[in-house]
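J.: The residues making up each chain are set out below.
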Amino acid sequence: SAVISQKPSRDICQRGTSLTIQCQVDSQVTMMFWYRQQPGQSLTLIATANQGSEATYESGFVIDKFPISRPNLTFSTLTVSNMSPEDSSIYLCSVRTGGRGYTFGSGTRLTVV
Amino acid sequence: SQQGEEDPQALSIQEGENATMNCSYKTSINNLQWYRQNSGRGLVHLILIRSNEREKHSGRLRVTLDTSKKSSSLLITASRAADTASYFCATDGGSGGSNYKLTFGKGTLLTVNP
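Chains A and B supply the protein sequences, listed in that same order. Converting from the first sequence to my numbering requires adding 194 to each position, the first position being numbered 1. Converting from the second sequence to my numbering requires adding 1445 to each position, the first position being numbered 1.
Misleading hints may appear alongside valid ones.
Here are the simulated DSBU-like pairs of lysine-lysine, each with C-alpha atoms no more than 30 Å apart in a straight line [as the list claims (entries may be wrong)]: (1) Lys-1514/B / Lys-201/A; (2) Lys-1514/B / Lys-1551/B; (3) Lys-1471/B / Lys-1515/B; (4) Lys-1471/B / Lys-1551/B; (5) Lys-1551/B / Lys-1501/B; (6) Lys-259/A / Lys-1501/B.
Bear in mind the hints are in silico, worked out from the structure with no lab data behind them.
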């Protein structure tokens, strides 16, 4: 199965600033997925990123707040823009691993102060 | 929005006991998957059961699926302290292309006491 390197693993940021999270996959994948996990909650899909096209955002998430890049089939970034304390969450990227489920990055724990 | 519910929300057992977690979902699915998350880190895929399967085993894990009731259960036998984690079910309604995506339940926090 694929191996994902996600960074940073954690960060503490000032409100009003932006943070870019990176995910590098060790194999080429068509789709990459970005999730948010708010404290004590489950995972919510933010968007699906396809190489060569704009990301598809889920209801409640917009490109201006969570811009995504997908420059090639092994890499993607998610930016959390103009952050507020409500953005404090764990952010995870994921790829589909054939018929064997999905592989997740180790997560980025973001705290906004 | 969340696909379904897991129960219990929290479960505390002694080492060696069995742990059973349940999951319900709302829409039709292609498959259902269970994941483990340790201490708010990345998720680890445990087992996948397809919509045409009723039961599946993997080591100490047993998963059942009842599509008529839109429910699934995860049984961990002979639990160990290292099994302490949050467990999530997730449904994959994928029918190809852009429809591949997981929808997660709320999770069960399992604590196995030594």
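J.: Next, verify each hint and record whether it holds.
T.: Hints and how they fare:
For a cut-off of 30 Å, the pair hint linking Lys-1514/B to Lys-201/A is broken: about 40 Å separates their Cα positions. Taking the CA atoms of Lys-1514/B and Lys-1551/B, the gap is near 18 Å; set against the 30 Å cutoff, the hint holds. At most 30 Å may separate the alpha-carbon atoms for a hinted pair to count; Lys-1471/B and Lys-1515/B meet this at roughly 7 Å. Between Lys-1471/B and Lys-1551/B, the direct Cα distance comes to roughly 13 Å. Compliance with the 30 Å bound is thereby established for this hinted pair.
Proposed proximity of Lys-1551/B and Lys-1501/B is supported: the alpha carbons are some 22 Å apart, at most 30 Å. Our distance criterion of 30 Å between C-alpha atoms is broken by Lys-259/A and Lys-1501/B, whose separation comes to about 41 Å.
Violation of the numbered hints given earlier is confined to hints 1 and 6; the remaining hints are satisfied by the structure.
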